[in-house]
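Residue numbers (my numbering), protein chains in the order written: chain A, 1 to 267; chain B, 268 to 601.
No lab work stands behind these hints: they were computed from the structure.
Any given hint might turn out to be false.
Claimed, not checked - Result set (DSSO-like, lysine-lysine): computed pairs, CA atoms no more than 30 Å apart in a straight line:
| hint | chain 1 | residue 1 | chain 2 | residue 2 |
| --- | --- | --- | --- | --- |
| 1 | A | 79 | B | 327 |
| 2 | A | 79 | A | 158 |
| 3 | A | 180 | A | 263 |
| 4 | B | 282 | B | 270 |
| 5 | B | 338 | A | 195 |
| 6 | A | 4 | B | 283 |
| 7 | B | 338 | B | 558 |
| 8 | B | 312 | A | 237 |
| 9 | B | 411 | A | 3 |
| 10 | A | 237 | B | 425 |
| 11 | A | 237 | B | 414 |
| 12 | A | 3 | B | 312 |
| 13 | B | 284 | A | 143 |
| 14 | B | 357 | A | 79 |
| 15 | B | 357 | A | 3 |
| 16 | B | 414 | B | 425 |
| 17 | B | 425 | A | 4 |
| 18 | A | 79 | B | 338 |
| 19 | A | 97 | A | 131 |
| 20 | B | 425 | A | 3 |
| 21 | A | 158 | A | 173 |
| 22 | A | 3 | B | 282 |
| 23 | A | 4 | B | 282 |
| 24 | B | 484 | B | 278 |
| 25 | A | 143 | B | 278 |
| 26 | A | 263 | A | 173 |
| 27 | B | 327 | A | 92 |
| 28 | A | 4 | B | 284 |
| 29 | A | 237 | A | 97 |
| 30 | A | 100 | B | 338 |
| 31 | A | 143 | A | 97 |
| 32 | B | 547 | A | 30 |
| 33 | A | 256 | B | 338 |
| 34 | A | 116 | B | 351 |
| 35 | B | 357 | B | 558 |
| 36 | B | 425 | A | 30 |
| 37 | A | 100 | B | 327 |
| 38 | A | 256 | A | 201 |
Everything numeric in this text was worked out from a predicted model, so none of it was measured.
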Amino acid sequence: MYKKMIWTTILVLAIVSTLVFCSGLMSSLKITSAANTNNVVKSNIDTSTQSKPVVELNNNSYNILVMGDSLAKGTGDEKGQGFANDFVSLWKTRANKDIKVTNIAVNGDTSSGLVKILQNEQTLKYVENSKIIFVSIGGNEIKTLQSADVSSVSTDVKTLQDNYLNNLKSIFKSIRSRNKNSIIVFIGLYNPFEKGTISDKTVLLNDWNYQTEQLVSQDSNCIFIPTYDLFRYNLDKYLSADNFHPNAAGYDAISKRIFDALKNYGD
Amino acid sequence: MLKLIENEVLKMLCKKKLLLISGILLILISLFAYGENHSYMNTIKRFTQTTGQTQNYDWKSLVNQQITDLKSRLNSPYNKDSSKNSTNIKIEQLQYYLDHNMNPITPNAAKFTIKFMQQAVLLFLPLLVIVLAGDSVSGEFSTKTIKVLLTRAVPRWKILLSKYISLLIMTSLVVLEAAVISIIVSTVMFHTGGWNEPVATGFRSVAGKLDASNVVKVYQWQYSILVYGLGWFAAITVVTISFMVSVLVRNTATSIGIMMATLIGGEFLQLFLEDWPLVKYFFVINLNLPKYLTGSFQPIEGMSLIFSIIVLCVWSIVALAVSFRVFTKQDVLV
Numbered sequence: 001m002y003k004k005m006i007w008t009t010i011l012v013l014a015i016v017s018t019l020v021f022c023s024g025l026m027s028s029l030k031i032t033s034a035a036n037t038n039n040v041v042k043s044n045i046d047t048s049t050q051s052k053p054v055v056e057l058n059n060n061s062y063n064i065l066v067m068g069d070s071l072a073k074g075t076g077d078e079k080g081q082g083f084a085n086d087f088v089s090l091w092k093t094r095a096n097k098d099i100k101v102t103n104i105a106v107n108g109d110t111s112s113g114l115v116k117i118l119q120n121e122q123t124l125k126y127v128e129n130s131k132i133i134f135v136s137i138g139g140n141e142i143k144t145l146q147s148a149d150v151s152s153v154s155t156d157v158k159t160l161q162d163n164y165l166n167n168l169k170s171i172f173k174s175i176r177s178r179n180k181n182s183i184i185v186f187i188g189l190y191n192p193f194e195k196g197t198i199s200d201k202t203v204l205l206n207d208w209n210y211q212t213e214q215l216v217s218q219d220s221n222c223i224f225i226p227t228y229d230l231f232r233y234n235l236d237k238y239l240s241a242d243n244f245h246p247n248a249a250g251y252d253a254i255s256k257r258i259f260d261a262l263k264n265y266g267d
Numbered sequence: 268m269l270k271l272i273e274n275e276v277l278k279m280l281c282k283k284k285l286l287l288i289s290g291i292l293l294i295l296i297s298l299f300a301y302g303e304n305h306s307y308m309n310t311i312k313r314f315t316q317t318t319g320q321t322q323n324y325d326w327k328s329l330v331n332q333q334i335t336d337l338k339s340r341l342n343s344p345y346n347k348d349s350s351k352n353s354t355n356i357k358i359e360q361l362q363y364y365l366d367h368n369m370n371p372i373t374p375n376a377a378k379f380t381i382k383f384m385q386q387a388v389l390l391f392l393p394l395l396v397i398v399l400a401g402d403s404v405s406g407e408f409s410t411k412t413i414k415v416l417l418t419r420a421v422p423r424w425k426i427l428l429s430k431y432i433s434l435l436i437m438t439s440l441v442v443l444e445a446a447v448i449s450i451i452v453s454t455v456m457f458h459t460g461g462w463n464e465p466v467a468t469g470f471r472s473v474a475g476k477l478d479a480s481n482v483v484k485v486y487q488w489q490y491s492i493l494v495y496g497l498g499w500f501a502a503i504t505v506v507t508i509s510f511m512v513s514v515l516v517r518n519t520a521t522s523i524g525i526m527m528a529t530l531i532g533g534e535f536l537q538l539f540l541e542d543w544p545l546v547k548y549f550f551v552i553n554l555n556l557p558k559y560l561t562g563s564f565q566p567i568e569g570m571s572l573i574f575s576i577i578v579l580c581v582w583s584i585v586a587l588a589v590s591f592r593v594f595t596k597q598d599v600l601v
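Looking at chain A on its own, in the form it has when it is part of the complex:
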């Protein structure tokens, strides 16, 4: 009798669980092989990206625009701030209005990418209403030289640099075409690979920074903020875990330097 009961429970349990598992198997087959049946989600996304209206920044707030590469974006900052937001917390006392930061930086962007972004009507609208414009670009271009060997570099670097400077020129032209009065703050490059760099490459980076500063200073309301010296002996303290981007302390140091430079800038 006891054995009979065990047998029946086992049989019932086995049959029920088999049925449940089979249904699970069938539905997982259905889910993984569903051939684009629910395209609804996809098409929704498509329409939302297509008809994005051009947003105009509110003139009642103090607008700061950040554009360029991952450094501008704030990549590597554990607090997710980036130098722009760090700067804002310092600048707060200076601005009599609310400060609004618009960050349109793209991770891994190069100068030619930024030129394209500046052709966008939305970007130009942002430019128009911003009081301070931060630009950080070029790091991803010069990064490619790091791995190249010295002999081939000298020819490559010329074309790369000319291309970069031309792009920079047109970036400034685009900005000034919409906004004559705002101050442009250009963030110079530092060398994240300091320890493994031979002096030839250091010369290369210094030249890059120098050429950039020369070009930038042709604009009367633009300031070049060097970071090379800032990071030179502080790499261990200022770089994030990827050994390329600054960490929170690094961004903090950059923002402090910017603030020092602009301390007595009046508008």
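Fit chain B to the given chain A structure using the hints.
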């Protein structure tokens, strides 16, 4: 026929194997749950330390942090292409969870139960069911009871079929038991069920990119049924193949040993021969069915759930055919 099956099931129960398996399951699942809880606490501790946030942390910022970590790992030059792809997919999945406000971090009973099966299906569950099936026929030879069994007035194929069906019954019970035990243990451990939380499934990885166009949201309890269904199917295949081995070999130890070597060797095979396309027709490679639901990266090109299930089916059918052919034809000299 039913009588025969009943007889076989009772035989297995008498050997106290189910009890042994339950014991193993209980101990290991408790350990896993403890470890899971511990590592979760560690993650939170580390996170709150680095960000300086106190107690009430937000899972969203934690996910954000994980995404940033993965991205910076992606930038490292010492990275193989294949691992880059899988990192990419992981990032996109986390981003999907973030965008859709689903919490993938905090452990609860549902998540643990699912995760357990996802891990167990590779080696743990197959090993358990091998213990069940390993001596099904060979045990009769070892203990010389095969003579008694075969002198009954039933055709040989019926005897073998009853053995096979009783094995299927036991396998279903083991999978069910694994589910029940992990539900109980994890509910005790994490206090929260979370069975009605949504979970996204149907991700597909196409050429290293995540295709989220087919993603469906299901509840955790539905998802766990899906995962356990797949685990059950994998277990059935292993049982069938190990049943064949047990028919071919006349010694229980040998039969279990062969199956274990095959399973563990299969795992190695995946590591060493991932460039060799023929490897995907080996059944051990195809056992990890639940991973198709999460859309994780496929190490070998051209594998999908349907492909894997077909491969497993073919292996099962061949194994059954071989066992029946051999068992009905062979001479029994005991």
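How the hints compare with the structure:
A threshold of 30 Å between alpha carbons decides the hint, and for residue 79/A with residue 327/B the separation of about 13 Å falls inside it, so the pair holds. Restraint check for residue 79/A and residue 158/A: not satisfied, since their Cα atoms lie roughly 38 Å apart, outside the 30 Å limit. For the proposed pair residue 180/A and residue 263/A, the alpha carbon gap of about 21 Å is at most 30 Å, so the pair holds. In summary, the hint linking residue 282/B to residue 270/B is supported, as the alpha carbons are separated by about 19 Å, within the 30 Å threshold.
This hinted pair checks out: residue 338/B and residue 195/A have alpha carbons roughly 24 Å apart, not beyond 30 Å. Among the hinted pairs, residue 4/A with residue 283/B is consistent with the structure: their alpha-carbon atoms are about 17 Å apart, no more than 30 Å. For the proposed pair residue 338/B and residue 558/B, the alpha carbon gap of about 23 Å is at most 30 Å, so the pair holds. Distance hint between residue 312/B and residue 237/A is fulfilled; the C-alpha atoms sit about 23 Å from each other, no more than 30 Å.
Distance check on the hinted pair: residue 411/B and residue 3/A sit about 25 Å apart at the alpha-carbon level, within 30 Å; holds. Pair hint residue 237/A plus residue 425/B does not hold up; C-alpha atoms about 76 Å apart against a cutoff of 30 Å. Taking the CA atoms of residue 237/A and residue 414/B, the gap is near 79 Å; set against the 30 Å cutoff, the hint is violated. With a C-alpha separation of about 53 Å, the suggested pair residue 3/A and residue 312/B falls outside the 30 Å cut-off, and the hint is violated.
Annotation: proposed proximity of residue 284/B to residue 143/A is violated, straight-line Cα distance about 63 Å (limit 30 Å). Straight-line distance between C-alpha atoms of residue 357/B and residue 79/A comes to about 22 Å, which keeps the hinted pair within the 30 Å bound. Only pairs whose Cα atoms come within 30 Å are accepted, and residue 357/B paired with residue 3/A is rejected, the gap being roughly 51 Å. The straight-line distance between the Cα atoms of residue 414/B and residue 425/B is roughly 15 Å, inside the 30 Å bound, and the hint therefore holds.
Taking the CA atoms of residue 425/B and residue 4/A, the gap is near 22 Å; set against the 30 Å cutoff, the hint holds. The straight-line distance between the Cα atoms of residue 79/A and residue 338/B is roughly 16 Å, inside the 30 Å bound, and the hint therefore holds. Our distance criterion of 30 Å between C-alpha atoms is met by residue 97/A and residue 131/A, whose separation comes to about 12 Å. Note on residue 425/B and residue 3/A: the hinted pairing holds, with a Cα-Cα distance of about 23 Å set against a maximum of 30 Å.
For the hint linking residue 158/A to residue 173/A, the alpha-carbon distance of about 23 Å falls within 30 Å, and the restraint holds. Simply put, residue 3/A and residue 282/B have alpha-carbon atoms about 15 Å apart, close enough for the 30 Å limit, and the pair holds. About 17 Å separates the Cα atoms of residue 4/A and residue 282/B, which keeps this hinted pair within 30 Å; it holds. At most 30 Å may separate the alpha-carbon atoms for a hinted pair to count; residue 484/B and residue 278/B exceed this at roughly 44 Å.
Note on residue 143/A and residue 278/B: the hinted pairing is violated, with a Cα-Cα distance of about 71 Å set against a maximum of 30 Å. A hinted pair counts as satisfied when its Cα atoms are at most 30 Å apart, and residue 263/A with residue 173/A qualifies at roughly 26 Å. At most 30 Å may separate the alpha-carbon atoms for a hinted pair to count; residue 327/B and residue 92/A meet this at roughly 28 Å. Of the supplied pair hints, the one linking residue 4/A and residue 284/B holds, its CA atoms being roughly 19 Å apart against a limit of 30 Å.
Taking the CA atoms of residue 237/A and residue 97/A, the gap is about 34 Å. The hint is violated against a cut of 30 Å. A C-alpha spacing of about 27 Å is found between residue 100/A and residue 338/B, which places the hinted pair at or below 30 Å, so the restraint holds. The hinted pair formed by residue 143/A and residue 97/A fails the criterion: a straight-line CA distance of about 39 Å is larger than 30 Å. Taking the CA atoms of residue 547/B and residue 30/A, the gap is near 22 Å; set against the 30 Å cutoff, the hint holds.
Between residue 256/A and residue 338/B the alpha-carbon distance is near 27 Å, which keeps this suggested pair within the 30 Å criterion. Proximity of residue 116/A to residue 351/B is assessed by CA-CA distance (about 28 Å); at most 30 Å being required, the pair is judged to hold. The straight-line distance between the Cα atoms of residue 357/B and residue 558/B is roughly 13 Å, inside the 30 Å bound, and the hint therefore holds. Between residue 425/B and residue 30/A the CA atoms are separated by roughly 35 Å; this puts the pair beyond 30 Å, and the hint is violated.
Between residue 100/A and residue 327/B the CA atoms are separated by roughly 23 Å; this keeps the pair inside 30 Å, and the hint holds. Simply put, residue 256/A and residue 201/A have alpha-carbon atoms about 28 Å apart, close enough for the 30 Å limit, and the pair holds.
Against the hints set out earlier in the document, violations occur for numbers 2, 10, 11, 12, 13, 15, 24, 25, 29, 31, 36.
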